[in-house]
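Trainee: Read off the chains here:
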Amino acid sequence: MVDHRGSPGISDDFIHKASQILPADTCLPLGMNAGRSLFEAPTVSCSHCQAMVIINPLRNRERGYCSGCDRYICDNCTEIRSLNGGQCKTFRQLADEIVEAALKAESIKEI
Amino acid sequence: MGKRIASYTTLTPTATADTTNLVDSTYPVAFQGGNATQRWNIVEVYLGGQAGASTPSIMLLSFDSQVGTGSLTADAALTDVVNDGSAGLLATVVKVFNKAATNKPQRDVARHLANLSFNAFGGVVRLNWPLDQQFVAVGNAASFGEMSLSAFTGGTTGLQGTHVIYEPF
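Residue numbers (numbering that gives the first Met the number 0), protein chains in the order written: chain A, 0 to 110; chain B, 0 to 168.
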C-alpha cells in the first residue's frame, strides 16, 4: 500500500526513472496515477530470488511462472530460467543448502 | 518464535549507491543473523513520511553483498522489541543495527527485495505479506545473511519514520 493522498506524491517520470535502474516489475505501475493517490495492489515474492513483484493490473504480457515450483517468478528469473533450460531452484532450497553447509563446517571443526 | 518490531523514530537517510559502504546512522536499519544457521522472516515494512517539503525518495529493502562486522550497534532511536511480551525468547537473537564498527554493510546490486519509492512529504508505504510470501534470510554471511533498509541514489531523501516487523527462528 502506498498512500499519497496527503502528499504531492511521486510522478510517473520519477517512477519511470526508478524503473530504469531497478527491476520494472518491482516499481509502481505507470499510467494509472499510482504515485499520486492511494495505491493498493497484491504482490508476490519471486520464488527463485524473493524479489517483491507488484501485480500490475494493466499488464498485458504473460507473467513469469515456474512449473518446477508452481509459483510466480519475477521477470529477471523468468529470463534466467529460459536461458538455463527451465531449471528450477527456489530460494528455500538455497536457504537449506546454506544451513547444511554451515552445519557441515561446524561438524568438521568439532572433529 | 515470536515476532519482533524494529522501529526508527525519525531519520533523514543518506542516498547511497549499491556496493558502497552504508555509513553509520545514515540508514534506518539492517538485520544480520545471530549465527550461521539462523533464519528470520520479514513480515511487514512501514515508512511514514515526516518531511516538511516534497522529497521523492527511493528506499530499498535489499540483501547485502558485504555484511557489517565488528561491533554492530544501534542509534538510541532504533529500538527492537518483542511484539508480544509473553512470547518465548530465542537464545540466539537477530542483530538489529545501523552502525558497524569494522566493515560497513553494502547493498547487493543484484539482490534488491522491495522498492519502497514514496514522497516523504506526507507519503506512507506499508508492505506486508502472507506467511508463504515473506522474505527469508538465513545465516550471517553475504549475500543472504544480512538485509538492510536504506536509501538509493536518484531521489531526494526526506525525514521519515519506519518500522519493520520480523520473525526470528
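Think of the hints as simulated: they come from the structure by calculation, not from any bench.
Just so you know, not all the hints are guaranteed correct.
The following label-pair restraints were derived from C-beta to C-beta distances [what the hints assert, rightly or not]:
hint	chain 1	residue 1	chain 2	residue 2	range
1	B	Ala-90	A	Arg-58	42 to 52 Å
2	A	Leu-57	B	Pro-129	40 to 50 Å
3	B	Asp-83	A	Gly-85	20 to 30 Å
4	A	Glu-99	B	Ala-52	43 to 53 Å
Residues on chain B that point at chain A, a partial pick, calculated with CB under 8 Å [claimed, not checked]:
hint	residue
5	Gly-33
6	Thr-36
7	Asn-40
8	Gln-49
9	Gly-121
10	Phe-168
Away from chain B, derived, C-beta distances all over 10 Å, residues of chain A [unchecked claim]:
hint	residue
11	His-3
12	Ala-17
13	Thr-77
14	Arg-91
These numbers were taken from a predicted model, which means no experiment stands behind them.
Beta carbons: idealized from backbone N, C-alpha and C, even for Gly.
Trainee: Holds or violated: 40 to 50 Å for the Cβ distance of Leu-57(A) and Pro-129(B)?
Mentor: 24 Å, violated
Trainee: Holds or violated: the 42 to 52 Å window for the beta-carbon distance between Ala-90(B) and Arg-58(A)?
Mentor: Given about 46 Å between the Cβ atoms, the range holds.
Trainee: Is the nearest CB of chain B more than 10 Å from the CB of Ala-17(A)?
Mentor: Given a closest Cβ separation of 5 Å, the condition is violated.
Trainee: A closest beta-carbon separation below 8 Å is what the hint needs, so does Gln-49(B) meet it against chain A?
Mentor: For Gln-49(B), the interface hint is violated, since the closest Cβ of chain A sits about 11 Å away, which is over 8 Å.
Trainee: At the C-beta level, are Glu-99(A) and Ala-52(B) separated by a distance inside 43 to 53 Å?
Mentor: 51 Å, holds
Trainee: Classify the hint on Phe-168(B) as holds or violated, based on whether any CB of chain A lies nearer than 8 Å to its CB.
Mentor: Nearest chain A Cβ about 11 Å off; hint violated.
Trainee: When the nearest CB of chain A is found for Thr-36(B), is that gap smaller than 8 Å?
Mentor: 5 Å, holds
Trainee: Holds or violated: the hint that Gly-121(B) contacts chain A, with Cβ atoms closer than 8 Å.
Mentor: Check passed: Cβ of Gly-121(B) comes within 3 Å of chain A, closer than 8 Å.
Trainee: Could you check the hint for me, namely that Asp-83(B) and Gly-85(A) are 20 to 30 Å apart, CB to CB?
Mentor: 44 Å, violated
Trainee: So is Thr-77(A) really clear of chain B, every C-beta pair being over 10 Å apart?
Mentor: Its Cβ never comes within 10 Å of chain B, the nearest being 15 Å, so this holds.
Trainee: Does the claim that His-3(A) lies outside the interface with chain B hold up, using a Cβ gap greater than 10 Å?
Mentor: Nearest chain B Cβ is 5 Å from His-3(A), so the label is violated.
Trainee: Say whether it holds or is violated: Arg-91(A) keeps its Cβ farther than 10 Å from all Cβ of chain B.
Mentor: 7 Å, violated
Hint compliance for this structure: hints 2, 3, 5, 7, 8, 10, 11, 12, 14 are broken, all remaining hints hold.
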